[in-house]
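Chains as they are written, first to last, in the working numbering: chain A, 1 to 572; chain B, 1 to 572.
Hints in this document: simulated from the structure, not taken from any laboratory. From the three backbone atoms N, C-alpha and C, an ideal C-beta is built for every residue, glycine too. Any given hint might turn out to be false.
[Claimed, not checked] Quick look at which bits of chain B chain A covers, simulated, 3 or more residues with Cβ under 8 Å: (1) 47 to 56; (2) 192 to 205; (3) 277 to 289.
There are 2 protein chains.
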Amino acid sequence: MNLRVWAPNARRVEAELAGIRKPMQPANGGWWQLQTTLSHGTDYAFLLDGEGPFPDPRSPWQPQGVHGPSRHVDHRRFAWKDSGWRAPPLAAAVIQEIHIGTFTPEGTFDGAIGRLDHLIDLGITHVELMPVAEFPGDRGWGYDGVDLYAPHRAYGGPEGFKRLVDACHRKGLAVLLDVVYNHLGPDGNYLARFGPYFTDAYTTPWGDAVNLDRAGSDQVRDFLIDNALMWLRDYHVDGLRIDAVHAIFDRSALHFLEELQQAVTALEAQLGRHLVLIAENDLNDPRLLHPPGAGGYGLDAMWNEDFHHALHSLLTGERHGYYQDFGPIADLARTLSGALVYDGRYSRYRQLRHGRPATGLSGRSFIGFLQNHDQTGNRPHGERSAHLLSEELLRIGAALVLTAPFVPLLFQGEEWGASTPFQYFTDHQDAELAQKVQEGRRKDFAAAGTTSIPDPQAPDTFARCRLNWQEQEHPRHAGLLAWHKALIHLRRTIPALSNDRFDNIKVSFDEGARWLLLERSGVIIACNLNQAGQRIHHRGLKSAQLLLASRNGVVVEDEDIILPGESVAILG
Amino acid sequence: MNLRVWAPNARRVEAELAGIRKPMQPANGGWWQLQTTLSHGTDYAFLLDGEGPFPDPRSPWQPQGVHGPSRHVDHRRFAWKDSGWRAPPLAAAVIQEIHIGTFTPEGTFDGAIGRLDHLIDLGITHVELMPVAEFPGDRGWGYDGVDLYAPHRAYGGPEGFKRLVDACHRKGLAVLLDVVYNHLGPDGNYLARFGPYFTDAYTTPWGDAVNLDRAGSDQVRDFLIDNALMWLRDYHVDGLRIDAVHAIFDRSALHFLEELQQAVTALEAQLGRHLVLIAENDLNDPRLLHPPGAGGYGLDAMWNEDFHHALHSLLTGERHGYYQDFGPIADLARTLSGALVYDGRYSRYRQLRHGRPATGLSGRSFIGFLQNHDQTGNRPHGERSAHLLSEELLRIGAALVLTAPFVPLLFQGEEWGASTPFQYFTDHQDAELAQKVQEGRRKDFAAAGTTSIPDPQAPDTFARCRLNWQEQEHPRHAGLLAWHKALIHLRRTIPALSNDRFDNIKVSFDEGARWLLLERSGVIIACNLNQAGQRIHHRGLKSAQLLLASRNGVVVEDEDIILPGESVAILG
């Protein structure tokens, strides 16, 4: 096997193999190579101009953590049992977002395998894993990853990840993986020692940007694209959720995301199975989704933050931070019937005209959710929607997420209104950094008026976020779980709810009376957000049958529906 | 008249009118206003929280320079005599780039009026003026402008500029204006005192970037767009050349350039005359030129740097700096038949894959030149092509520029091989800045091995660059002038040379023998770059007639053409 590493600025590169140093030979384009018999499980590292040893930027496994040596993985050794696997299309998906560390008491890939039946039973089609690339310490959200090719050792490493994907596929679940290409974590990031992986031409919230358009950037782009292809090919992953693409700076004529999409399309043809790319994007830029022939990047979908913000602020009444841009039922109506609320409108929070209409796109290009790890974890105490809303409003939120034209996503435990929070937790080994994170977070929230917040570094903070699977038995939780199951069942069985063209959607509402009707090809979702019951008169209701209601007491009378306070009914 | 200024962060704004201070009233969106009877010629300035007075960011006239008060201009007062004026289309244009300060001994707009007949006689259809916005001091290229709305006082101010545009139009010449929206000059730039005009999120070679996508950026975008519209509407300019758009950073879903194009299109409809936008772009990104329906920004054309670099390096043999990416005849052939040499190819100079194919575009979307102010002025001694090439090679260069599918542009005096250089000159009034510029330039060129360079601040440096109109009489210059005239005449009279579709173009060449044949719908341009004469055999030559030759001794024999050393012939 030929050991290779890109180190264009080094004058001398050595490989350390099982403790023995061997000089590497320079090759084209800043690469160095060594002919060797590296076998599965061999530890190795690199020395640059005598400094190091450093782990391989493309390390497949870091059994001793981010500062330790890399361990070679022979991907051919794993005995996959998912032959013939084909993922269901995204348009038919119901996604659950999962954080491996807190999803189960074990906090491992293998632990998660034991809970797949719950997901199947719920009606989930796709699991989306928060980042699994090696990050410092044992506990973390995963956005501080530094070894982008190495599944986290504390989760079970490469083999564990393969076992989970294989198990998912055998049970009919597709697997999406969250990947972070806009920055690397601050600890254990040796990439800059190897080459121009970063540039100070742009500023990100996490420091220098990843170098995608300056000298040497071809290799950095390939580094990320090869990473994406590795997950899809060697780990059988069905798609990627690309974190914060607004912090991926690239002014090249061929944008990184379009190049990535081209590479994934080529792999798709080679593997003969469908692969998807989903972006998190704070810019409301539909160019990501438009086909390359129309000047777009051709991604499959993007997270619909506007839908979340409109729904969250409407249900909770919250108006702080970015929620100040949302609130009226009109905003929710706008996103339900055209994806984006901010499609060129002025945003008070951002202090600029924001976004662009999603012209020519349909619902399947957007992921809709009532909550995800971000909105939950970025609150001082990690409160989920279930902590903020009455059960009645929670049911309305769930109904809207699961009957909206968007691809629905539930955050782990959302389906039973999990009482466990999702707080920000870290396990930085670098004491100075740990203190900085702690203080930074305290300062952020102090500015917003919150003084007592959990310590991200404390093992307790992490432990508190672990799902409590037993609580599902409790009537409140069991009721919510049944409600989510019923909604998902409806979504997956009624064809009208698969028709995601915005021109097939009609929304009517009364801001004062606080009701909203969502009509989708003959199916009507009627929401009463008023605490008092009310009668809604609407032509579309004529001859509609009640399919599902969040509370007892819903009455349909000719062109009228009578809804109890804070309730939702689905008719068809 | 309502005096208005945008100063969103000020707590108090005063206007100083003819020495008297009056408080302004806050209005919506960070604007301040004052009801007053401001008439043409009134001097005014603003005080922010007691500091100042500062000139108006939108000052129409700075009669005392960049630090002085602004002077009100009533655009309705000028008596235009160009009614009914319509500019010829860009596809039929022959452009001359002009620097007002050095174009004539007077160095003014009025001075330039006296030389328009020369341009008409030459066959020029469009003049393109280097930036005229007020910059510090009397002498400068104009890229240090700080009062973007004010025609430079040393050139003749607003009235002078109008007289020039009016005179051009009456003589049938269209006027293009170079505008700089990527940065402002370092001296006299008070914009940051008024509002968030700049952002440190991006780095440009000139410091902080103009803020086009952060808080408050709507007003900054409007500031630039209103500026563009002012030139087109109030000064009757026919189009804009937008400087260095690769340094315009904007990740908004609606890119600044697309928004600008939308605004110009709307003005076009309102004025009933055609307006063009041309970009200078270092990224070889055809998105600028694609129509909005295809995800593009819809600009009319962009400068074709690849054509210049391929032609310049081929003719001069130079390979330093960015010329290291060019040299072979194959590169010239590639640009002649598809616009871009770097359309995704790896660039050694940039150390990355650069650009994207100009698919779906034709020649009229690119401006072609043998030289412009930049390539000339950025050499240590401001040498023009005429200083670097034999008359024979100069003639070949001119023939290729003027028969290429691109819109040709000649730099002032190029047509007679002007002996005057075009060096870098400034007139910074700030002594520290002046010294910094001087030292910076010395250091740049010292790094490249050139130690003695002209002092940019010295009046002599500027004077040396003034065109010497008398030298046209000299036989060498007169011959070159006649050659350019003949070529332009040919271009404007032979329909084949207006067919700018790349699929109608055939290029054949022999790298070893150093010849190139450019075939355009039956017209053949045959170039012999070899110092020795040679016979070229080619089917397309059969029955072709000699239309024009750069030297005596060209013979056409059936399918052969015999070309003397370093010569070009045009057949049709």
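Here is how each hint holds up against the structure:
Residue count for the stretch 47 to 56 of chain B with a Cβ under 8 Å from a Cβ of chain A: 0. That is fewer than the three needed, and the coverage hint is violated. Residue count for the stretch 192 to 205 of chain B with a Cβ under 8 Å from a Cβ of chain A: 4. That meets the three needed, and the coverage hint holds. With 5 residues having a beta carbon nearer than 8 Å to a beta carbon of chain A, the stretch 277 to 289 of chain B meets the requirement of three or more and the stated coverage holds.
Hint 1 alone, counting from the list given before, is not met by this structure.
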